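Produce the complete structure using the sequences and hints provided.
Now for the letters of each chain:
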Amino acid sequence: MTTLSRKCVPFTPFDRELSKTTIAIVTAGGVHLKDQEPFNIADELGDLTYREIPPDVDSSQLMVTHHHYDHSDADEDINVVFPIDVLRDLEAEGFIGGIAKKHIGYMGYTMQLKAMYEGTAREIANEIDKASRADAVVLTGG
Amino acid sequence: MKGIPTVLITVSPEVSGQMRPPRALYPKGFKIGNSLGRPGMRDLQKKVLRDALSLLTQNTRPGEFVTLEYPEYGEQYEPPRVKKL
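These protein sequence lines are chains A and B, in that order. Going by this note's numbering, the first residue of the first sequence is number 1, and it counts up by one from there. Going by this note's numbering, the first residue of the second sequence is number 1, and it counts up by one from there.
The hints are simulated quantities; they were obtained by calculation from the structure and are not laboratory data. Here the structure is a predicted model, which is why all the values come from computation and not from measurement. Note that beta-carbon positions come from the ideal geometry of N, C-alpha and C, so glycine has one too. It is possible that part of the hints are untrue.
Stated by the list, open to error - Here are the computed distance ranges between Cβ atoms for each label pair: (1) Asp35/A x Thr57/B: 33 to 39 angstroms; (2) Glu78/B x Gln36/A: 33 to 39 angstroms; (3) Leu33/A x Lys83/B: 33 to 39 angstroms; (4) Glu78/B x Asp15/A: 33 to 39 angstroms; (5) Thr49/A x Lys83/B: 22 to 28 angstroms; (6) Asp35/A x Lys2/B: 30 to 36 angstroms; (7) Gln18/B x Asn40/A: 20 to 26 angstroms.
Spelled out as structure tokens, the structure:
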């Protein structure tokens, strides 16, 4: 495992054209499918798990479980934190090349920073790296 | 793993900055829960996402936050500050 200085910015260069790039979304905004298990907001330490969201998801089937921001706007239009329909528009107009095979939602509130940073974050990066075919990732918070 | 290029859209630049994201867009004055804009404002949402993705192709300094203004968003909000211990 590579250990990075706490002051290091882990910068990966981008050397493609956007019109040939496949994009994945990773959000800390507590987004998940309505039929997936909600994040555990009862645990004051937070929830270290994440949910996989498929590329062909109907955005009306997404919801937010997160009690540390006002997600009433996301309840109305999930694209304000998880821009999957917006990404589809950008694909249709040729601005990007495609939409990744896997997207991720997690609840970006935790009192277990070390476990989030060394565990969850690495697991999410592996999901994206191994199974999403994404060339680049858009990260959003709440 | 060779690493995956990322770009963050954040409405809390000071808070997000603590995690040292490699590239970040702060849409100025957007409130928490409105990373891409307000509900139904698809043109604005597209603009914000295009601007964020475009940061991938620009020669930004690692860790740099780019602030852009979107007057069509309407009422502006102050971003949260990091609490000093």
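| Contradicted hints - numbers only | none
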